[in-house]
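Which chain is which? The protein sequence lines are A and B, in order.
Just so you know, we're using the working numbering here: the first sequence kicks off at 1 and counts up by one.
Just so you know, we're using the working numbering here: the second sequence kicks off at 362 and counts up by one.
For the record, the hints were derived by calculation from the structure and aren't laboratory data.
One should not assume that every hint holds.
Restricting the straight-line Cα-Cα distance to at most 25 Å, the calculated cross-link-like pairs of lysine-lysine (PhoX-like) are [claimed, not checked]:
#: 1; chain 1: A; residue 1: K107; chain 2: B; residue 2: K624
#: 2; chain 1: A; residue 1: K158; chain 2: A; residue 2: K224
#: 3; chain 1: A; residue 1: K224; chain 2: A; residue 2: K281
#: 4; chain 1: A; residue 1: K224; chain 2: A; residue 2: K112
#: 5; chain 1: B; residue 1: K624; chain 2: B; residue 2: K523
#: 6; chain 1: B; residue 1: K553; chain 2: A; residue 2: K104
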Amino acid sequence: MSEQTPPQTDQLQRTPPPLTAPVMELVGISKHYQSRGSIFGGAGERVTALNQVSLDFRRGEIFGLVGESGSGKTTCGRLMVGLERADAGQLVLEGREITALRGKDLKDFRRKVQIIFQDPYQSLNPQLSILDSVAEPLITSQACPASEREGRVLATLKAVGLSPAEDFAYRFPHQLSGGQRQRVAIARAMIIEPRLLVADEPTSMLDASYSAQIFDILLQVREKFGTTIALITHSLAAARYLCDRIAVIYRGHLMELGQAEQVINRPRHPYTQALIDATPKFGDCGDVPRYNALLQPERQATTEEAGCVFFRRCARAHLTRCSRQAPTWRRLEDGDMVACHYADGAPDPGPEIESCPVPGL
Amino acid sequence: MSAKDQITVPTPPRRNPWRERLLDNWRVFHQNPLGRIGLILLVVFAVMAMVSVVPPLIDPMYHPMTGVDPEVMQSSAPSWRHWLGTDFMGRDILSQLLAGTRVAFMVGVSAAFMSIALGVSVGMVSGYLGGWTDIILMRLSEIIMVMPTLLVVLMLAALFGKLGIWTIVLMIAFFRWPGVARVIRAQTLSLKGRPFIDAARVAGASHTRIVFRHIMPNVLPLAFLYMTFRVTGAIIIEAALAFLGFGDPGTVSWGMMLQWVWKTGHMFQAPWWLLPPGLCISLLTLSFYMLGRAMDEVLDPRLRDQSR
Numbered sequence: 001m002s003e004q005t006p007p008q009t010d011q012l013q014r015t016p017p018p019l020t021a022p023v024m025e026l027v028g029i030s031k032h033y034q035s036r037g038s039i040f041g042g043a044g045e046r047v048t049a050l051n052q053v054s055l056d057f058r059r060g061e062i063f064g065l066v067g068e069s070g071s072g073k074t075t076c077g078r079l080m081v082g083l084e085r086a087d088a089g090q091l092v093l094e095g096r097e098i099t100a101l102r103g104k105d106l107k108d109f110r111r112k113v114q115i116i117f118q119d120p121y122q123s124l125n126p127q128l129s130i131l132d133s134v135a136e137p138l139i140t141s142q143a144c145p146a147s148e149r150e151g152r153v154l155a156t157l158k159a160v161g162l163s164p165a166e167d168f169a170y171r172f173p174h175q176l177s178g179g180q181r182q183r184v185a186i187a188r189a190m191i192i193e194p195r196l197l198v199a200d201e202p203t204s205m206l207d208a209s210y211s212a213q214i215f216d217i218l219l220q221v222r223e224k225f226g227t228t229i230a231l232i233t234h235s236l237a238a239a240r241y242l243c244d245r246i247a248v249i250y251r252g253h254l255m256e257l258g259q260a261e262q263v264i265n266r267p268r269h270p271y272t273q274a275l276i277d278a279t280p281k282f283g284d285c286g287d288v289p290r291y292n293a294l295l296q297p298e299r300q301a302t303t304e305e306a307g308c309v310f311f312r313r314c315a316r317a318h319l320t321r322c323s324r325q326a327p328t329w330r331r332l333e334d335g336d337m338v339a340c341h342y343a344d345g346a347p348d349p350g351p352e353i354e355s356c357p358v359p360g361l
Numbered sequence: 362m363s364a365k366d367q368i369t370v371p372t373p374p375r376r377n378p379w380r381e382r383l384l385d386n387w388r389v390f391h392q393n394p395l396g397r398i399g400l401i402l403l404v405v406f407a408v409m410a411m412v413s414v415v416p417p418l419i420d421p422m423y424h425p426m427t428g429v430d431p432e433v434m435q436s437s438a439p440s441w442r443h444w445l446g447t448d449f450m451g452r453d454i455l456s457q458l459l460a461g462t463r464v465a466f467m468v469g470v471s472a473a474f475m476s477i478a479l480g481v482s483v484g485m486v487s488g489y490l491g492g493w494t495d496i497i498l499m500r501l502s503e504i505i506m507v508m509p510t511l512l513v514v515l516m517l518a519a520l521f522g523k524l525g526i527w528t529i530v531l532m533i534a535f536f537r538w539p540g541v542a543r544v545i546r547a548q549t550l551s552l553k554g555r556p557f558i559d560a561a562r563v564a565g566a567s568h569t570r571i572v573f574r575h576i577m578p579n580v581l582p583l584a585f586l587y588m589t590f591r592v593t594g595a596i597i598i599e600a601a602l603a604f605l606g607f608g609d610p611g612t613v614s615w616g617m618m619l620q621w622v623w624k625t626g627h628m629f630q631a632p633w634w635l636l637p638p639g640l641c642i643s644l645l646t647l648s649f650y651m652l653g654r655a656m657d658e659v660l661d662p663r664l665r666d667q668s669r
């Protein structure tokens with residue numbers, strides 16, 4: 001155990017202080033799902049969706065939450081908009097704890113945090129016209145008199161690139177394409193001008209051409225309203241294009257957090273490196289060194305509870321240390337955060353990695 | 362805004378989405394031969410029900426209950442004076458048939474409407490709330506569902522004597538809601554997990570608002586479909602009750618007419634008396650059934666001629 005190991009969570013010694021106060025903070029958030037056991041007793045399987053996750057979202061930034069399927073990133077997004085309750089930890093919105101809100105406070109919270117869902121074919125009520133769907137947050141929050149509602153809906157539809165807005169407003173979801181529906185979803189989220197917008201894989205159901213449009217709309221939204229956007233995605237390319245900072249999450253544990261450029265170009269954590277390597281590349285990449293981590297046959301974990309969560313698939317792991325001791329979530333010299341014993345300095349492909357070349361690449 | 366988007370929006374602005382929708386659905390409905398036949402039959406019966414008030418106005422002897430033709434006083438074959446003949450005491454069968462149509466509509470539609478209203482409310486609440494509410498409401502509905510409606514109503518009629526027509530309607534409604542509730546509950550359960558309900562929650566909608574604003578419009582089409590089938594059931598139950606002699610003695614229903622035929626021994630003597638009510642019961646229930654089948658097609662997305 002090295003002597004420079006910092007304390008477990010970062011919130012105690014947040015140095016240097018963030019440039020602007022965070023819009024939302026997650027402090028040691030944990031969430032477990034328990035599948036139901038059999039009727040003859042015996043608990044079901046316990047799944048950790050999030051484990052001790054601490055994040056902060058600064059005003060006006062686009063924050064990327066990246067991870068593979070089942071890594072807990074969607075759960076994190078649902079927690080942030082209040083669709084799920086955390087088992088442990090605190091959720092702080094603009095300095096106020098919001099973990100257990102009711103009544104008026106909850107309504108107030110709903111006005112400040114909105115979400116765009118992954119599947120635009122499922123997230124719009126098929127029986128409501130676009131006008132009704134988009135106006136819903138206005139109606140429930142009573143943000144404006146009924147007479148102004150239609151005008152605001154039309155203006156918002158225009159803002160997300162749906163024009164002529166008068167035409168779209170009176171249509172039903174089934175008459176729209178996927179990209180148009182996702183714009184409607186963005187309009188619904190943005191109509192009450194929330195402080196924080198959670199975008200849960202907003203383009204994974206769309207064609208590449210539509211994805212780019214949706215990204216541009218998100219950038220425009222940030223520009224126009226100064227909204228903080230939490231982009232949840234499995235695509236590092238999307239995260240790199242949009243985000244100011246990126247957090248990488250694996251099986252509910254934060255792996256790495258840092259400036260987008262830093263995380264993409266000089267990943268410190270082997271999992272981040274593996275994700276980058278897994279991205280398809282154009283051209284002749286015969287000489288691109290690839291970590292083999294995601295293709296690594298899973299190691300037998302001797303003491304999984306104690307060790308690093310990524311140990312079983314890690315290409316850089318050292319048996320003795322990584323299987324026994326979980327790495328702490330620590331701050332590096334440049335302010336980025338990482339959870340890996342061997343992350344100091346530039347990533348160094350050790351001998352273990354070179355010995356497992358990927359066949360055919 | 363790409364050119365591709367522009368191409369997909371060539372239609373002029375539509376000010377009334379509901380009308381558009383209705384027209385779309387009507388087109389699908391209209392293309393279905395069952396729907397067309399059913400609708401034509403239904404219109405014929407509706408006209409019959411409406412003109413049922415006319416015969417007694419022409420002459421008191423055409424009153425379905427009390428209008429006895431003093432020159433006949435027995436069952437007679439169709440004539441110019443009585444187009445469908447008369448019954449055993451000289452009452453006009455056509456005016457009875459017309460009055461019976463009105464009663465059949467009244468019983469069928471009101472019983473179906475009541476059972477649907479109850480079934481939809483219980484189903485939505487049960488499905489949305491889940492937990493103990495769900496368990497209690499569903500066990501209750503199962504208890505009622507396993508009771509044979511006709512038998513129970515017969516026993517009640519035997520216990521309490523002659524039942525009024527509205528009591529019969531209420532009882533039919535009471536025994537027919539559980540099926541609807543179960544279907545609506547299942548539908549609500551599947552809707553509850555859909556992202557647009559989550560979206561409504563994030564948009565700040567209360568539970569009441571989610572149930573009535575976001576879930577109900579999605580289950581109502583199904584409820585209307587069930588309503589057409591429930592109408593059929595209600596008409597048949599009322600006819601069966603009346604035929605067995607437990608109908609409302611103050612009203613003329615088709616089942617009542619059949620009972621009079623049978624009771625007075627005219628089953629094989631007076632086909633002009635036996636056939637019309639029998640045919641009417643069959644055709645009216647058939648028309649509602651066909652209407653339901655056609656609506657089924659309108660509601661089934663796989664059969665819909667639309668890009669989804």
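For each hint, the structure was consulted:
1. A threshold of 25 Å between alpha carbons decides the hint, and for K107/A with K624/B the separation of about 69 Å lies outside it, so the pair is violated.
2. Simply put, K158/A and K224/A have alpha-carbon atoms about 13 Å apart, close enough for the 25 Å limit, and the pair holds.
3. Restraint check for K224/A and K281/A: not satisfied, since their Cα atoms lie roughly 34 Å apart, outside the 25 Å limit.
4. A distance of roughly 16 Å separates the Cα atoms of K224/A and K112/A; the hinted pair therefore holds under the 25 Å criterion.
5. Under the criterion of a C-alpha separation no larger than 25 Å, the hint pairing K624/B with K523/B is consistent with the structure, at around 17 Å.
6. With a C-alpha separation of about 24 Å, the suggested pairing of K553/B with K104/A holds against the 25 Å cut-off.
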